[in-house]
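Single-letter residue listing:
4 protein chains.
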Amino acid sequence: MNEIIDALKKFRDERDWQQFHNPKDLSLALSIEASELLEAFLWKLPEDADPEKIKEELADVFSFAFLLADACDLDVKDIVLAKIKRNEEKYPVSKAKGSARKYNEL
Amino acid sequence: MNEIIDALKKFRDERDWQQFHNPKDLSLALSIEASELLEAFLWKLPEDADPEKIKEELADVFSFAFLLADACDLDVKDIVLAKIKRNEEKYPVSKAKGSARKYNEL
Amino acid sequence: MNEIIDALKKFRDERDWQQFHNPKDLSLALSIEASELLEAFLWKLPEDADPEKIKEELADVFSFAFLLADACDLDVKDIVLAKIKRNEEKYPVSKAKGSARKYNEL
Amino acid sequence: MNEIIDALKKFRDERDWQQFHNPKDLSLALSIEASELLEAFLWKLPEDADPEKIKEELADVFSFAFLLADACDLDVKDIVLAKIKRNEEKYPVSKAKGSARKYNEL
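Chains as they are written, first to last, in full-length UniProt numbering: chain B, 1 to 106; chain L, 1 to 106; chain P, 1 to 106; chain R, 1 to 106.
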């Protein structure tokens, strides 16, 4: 992942774009890209989405997610593994298995 | 990153959740988490967001992004590096340096 | 508002689009348009957004919001006024005045 | 609609919240609420969403949409009817009937 983040930062710095990359606008950008990804599935069944569009937009989502993690000094692996641990308590297997319910409705 | 994806899939499979994880609903979930991350900055200056909330929600964003990449058989590093290459053409340094303009307004 | 909803339904029915307009995809569309509106402000100060883009995208947001209200048989005025009443309890003036805090942090 | 907007502004002004309601943060709020509405449908078929949640979140979407229209001095009916007209050109009945394709793919 460091290779990805370094490539993203090099691209950003070549264009002198760090001035725009405060965490609020990075989150805005991430949300916008997540919606562009969603558009691949609009009016369609999951299996009918254009795979090229999914690939393109998911790449954009990851780009801003990695930049945001870097801007906020967060290690991606650490925060995801920590979240999985917390989710193990919110969604115990005995209650959550086979259920799509949110934790406060289990 | 494989370690992250394996941990996410183990958590999912322990709970028999793969039945819900079609790409359309995964994109929905990703978009919803991106908005929860955005909420950390609502009504606030970038520097005033709660760092714990950013960490929590960014972890959720990455979780669904990795699950979606896996569901669509995409390699995260490959697709991001490929997108950076395409962006080098859309945003040549000579035109894009120091500018926040979208590529079709350069 | 009935005039707006009638015009939207006429446009939809001329194109035989009701088949696509289930509430889930209408909500997807609404979310996508809300993000396109957000893009008007990306990397910018609030006052620097393009007013034409705001007008265009906000019109799209309202279009899908009205179609969704109609699809779910909801009266827009009733639901908004009811929500304001509920919010008066969640955000009593004595606690909420001048504060951007969410109700569970008051 | 004026009755709705007046009620929203009265609620806002009683709490001295206009200081937070710049168009960028209003768009953020609108996008966040659109995602909360989307959550009603997550992992579910369209017909299985909780109608109370749809009502609640759609009311929030409309609240911020109306506040944004007012902040940007836009007449909701005018902008939606104007957008329908533009869409009649982007989506001529002869090409768009029965099709979910985006205008640039017709």
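Incorrect hints may have been included.
Where chains are identical, the list cannot tell them apart; a pair therefore holds if satisfied intra-copy or between any two copies.
Stated by the list, open to error - Below, a list of computed lysine-lysine pairs in the DSBU-like style, where the Cα atoms sit at most 30 Å apart: (1) K85 x K95; (2) K97 x K9; (3) K44 x K77; (4) K44 x K95; (5) K9 x K44; (6) K53 x K90; (7) K53 x K97; (8) K85 x K53.
Because the hints were derived from the structure by calculation, they are not lab data.
Each hint, compared with the structure:
no.: 1; hint: K85 x K95; result: within (16 Å within a copy, 36 Å between copies)
no.: 2; hint: K97 x K9; result: between (41 Å within a copy, 14 Å between copies)
no.: 3; hint: K44 x K77; result: between (33 Å within a copy, 28 Å between copies)
no.: 4; hint: K44 x K95; result: between (32 Å within a copy, 19 Å between copies)
no.: 5; hint: K9 x K44; result: between (35 Å within a copy, 21 Å between copies)
no.: 6; hint: K53 x K90; result: between (34 Å within a copy, 17 Å between copies)
no.: 7; hint: K53 x K97; result: between (33 Å within a copy, 24 Å between copies)
no.: 8; hint: K85 x K53; result: between (33 Å within a copy, 16 Å between copies)
Figure legend: structure checked against the earlier numbered hints; every hint is met.
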